[in-house]
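My request is simple: use the sequences and hints to build the entire structure.
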Amino acid sequence: MTELERSVEALKAAVKQSGIDKRVGDVVGQFTSYLILLKSSSPSSQSISKLRSILRRPLVPLYAAVPGPALQLSSAVLRKVIDDKLRNALNAQNLQLSTWWNEVAVALLSGVLDFLDKHSDGTIRFGGSFF
1 MTELERSVEA
11 LKAAVKQSGI
21 DKRVGDVVGQ
31 FTSYLILLKS
41 SSPSSQSISK
51 LRSILRRPLV
61 PLYAAVPGPA
71 LQLSSAVLRK
81 VIDDKLRNAL
91 NAQNLQLSTW
101 WNEVAVALLS
111 GVLDFLDKHS
121 DGTIRFGGSF
131 F
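All residue numbers in the sequence shown are consecutive under the UniProt record's numbering, ending with 131.
Simulated from the structure, these hints should not be mistaken for lab results. Given the structure is predicted, the values throughout are model-derived calculations rather than measurements. Any given hint might turn out to be false.
Quick list of in silico lysine to any residue cross-link-like pairs, SDA-like style, CA-CA up to 25 Å [as the list claims (entries may be wrong)]:
#, residue 1, residue 2
1, K39, T99
2, K118, A65
3, K16, F31
4, K50, E103
5, K22, R56
6, K50, Q30
7, K50, N94
8, K118, V24
9, K39, L78
10, K22, Y34
11, K12, R79
12, K12, V24
13, K22, R6
14, K118, A14
15, K118, P58
16, K39, R87
17, K22, A64
18, K50, S120
Pairwise CB distance ranges, derived in the manner of DEER restraints [what the hints assert, rightly or not]:
#, residue 1, residue 2, range
19, I36, S110, 19 to 25 Å
20, R23, L90, 34 to 40 Å
21, N91, G19, 41 to 47 Å
22, D21, S41, 34 to 40 Å
23, L95, S120, 32 to 38 Å
24, E9, Q96, 30 to 36 Å
25, A64, I36, 21 to 27 Å
26, E3, Q46, 25 to 31 Å
27, L90, K118, 31 to 37 Å
28, N88, S18, 33 to 39 Å
29, N94, A13, 34 to 40 Å
30, S18, R87, 31 to 37 Å
31, D84, D114, 20 to 26 Å
Every residue, glycine too, gets a C-beta built ideally from N, C-alpha and C.
This is the structure we're talking about:
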């Protein structure tokens, strides 16, 4: 099982255990269904656009509800994008694809920053999620 798969399972378990709002639970299902796009070696611009949109705003409620597992999954996705997708696109000198994967990484990090902006009062602690 890959780091990404372990992170997905941990998030699903945390959501189930916490008994949070059904809409937040639905985000997990929608989110995980789009992670299949990370397996594509040559995604379409529409696929990248959908991935960018699902990795930003829809994850913010998950960060609030189950911050540790949600941020660990985001970290795993970011590593997959940077270490695998972006690196391969750059090695192949595919500037369009490398730009797209960079945009995916930016969208993911922007979602985390959106969450931090909303919760800047210091009540949520999750530094260990990225280490």
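Hint check results:
Distance check on the hinted pair: K39 and T99 sit about 17 Å apart at the alpha-carbon level, within 25 Å; holds. Taking the CA atoms of K118 and A65, the gap is about 13 Å. The hint holds against a cut of 25 Å. A distance of roughly 15 Å separates the Cα atoms of K16 and F31; the hinted pair therefore holds under the 25 Å criterion. Taking the CA atoms of K50 and E103, the gap is about 12 Å. The hint holds against a cut of 25 Å.
For the proposed pair K22 and R56, the alpha carbon gap of about 19 Å is at most 25 Å, so the pair holds. Of the supplied pair hints, the one linking K50 and Q30 holds, its CA atoms being roughly 11 Å apart against a limit of 25 Å. In summary, the hint linking K50 to N94 is supported, as the alpha carbons are separated by about 20 Å, within the 25 Å threshold. Of the pairs offered as hints, the one joining K118 and V24 holds, with about 17 Å between alpha carbons and a cut-off of 25 Å not exceeded.
For the given pair, K39 sits about 14 Å from L78 by alpha-carbon distance, which is consistent with the 25 Å threshold. Distance check on the hinted pair: K22 and Y34 sit about 19 Å apart at the alpha-carbon level, within 25 Å; holds. For the given pair, K12 sits about 20 Å from R79 by alpha-carbon distance, which is consistent with the 25 Å threshold. This hinted pair checks out: K12 and V24 have alpha carbons roughly 11 Å apart, not beyond 25 Å.
The hinted pair formed by K22 and R6 meets the criterion: a straight-line CA distance of about 22 Å does not exceed 25 Å. A hinted pair counts as satisfied when its Cα atoms are at most 25 Å apart, and K118 with A14 qualifies at roughly 22 Å. Only pairs whose Cα atoms come within 25 Å are accepted, and K118 paired with P58 is accepted, the gap being roughly 14 Å. Between K39 and R87, the direct Cα distance comes to roughly 14 Å. Compliance with the 25 Å bound is thereby established for this hinted pair.
Annotation: proposed proximity of K22 to A64 holds, straight-line Cα distance about 14 Å (limit 25 Å). For a cut-off of 25 Å, the pair hint linking K50 to S120 is broken: about 28 Å separates their Cα positions. Here the CB-CB span from I36 to S110 is close to 22 Å, well matched to the stated 19 to 25 Å. Between R23 and L90 the beta carbon distance is about 38 Å. The supplied range of 34 to 40 Å therefore holds.
Hint check: N91 to G19, Cβ distance near 45 Å, so the stated range 41 to 47 Å holds. A beta carbon spacing of about 36 Å between D21 and S41 agrees with the range 34 to 40 Å that was offered as a hint. Distance hint check for L95 and S120: the Cβ-Cβ separation is about 36 Å, which falls inside the suggested range of 32 to 38 Å. Between E9 and Q96 the CB atoms are about 33 Å apart, so this pair conforms to the stated range of 30 to 36 Å.
About 26 Å separates the C-beta atoms of A64 and I36, a value consistent with the hinted range of 21 to 27 Å. A beta carbon spacing of about 27 Å between E3 and Q46 agrees with the range 25 to 31 Å that was offered as a hint. At roughly 33 Å, the beta carbons of L90 and K118 sit within the given window of 31 to 37 Å. Checked against the hint of 33 to 39 Å, the C-beta distance between N88 and S18 comes to roughly 36 Å, which is consistent with it.
At roughly 37 Å, the beta-carbon separation of N94 and A13 lies within the given 34 to 40 Å, and the hint holds. Range check, S18 to R87: about 35 Å between beta-carbon atoms, so the 31 to 37 Å window is met. Judged by the Cβ atoms, the range 20 to 26 Å given for D84 and D114 holds: they are separated by roughly 25 Å.
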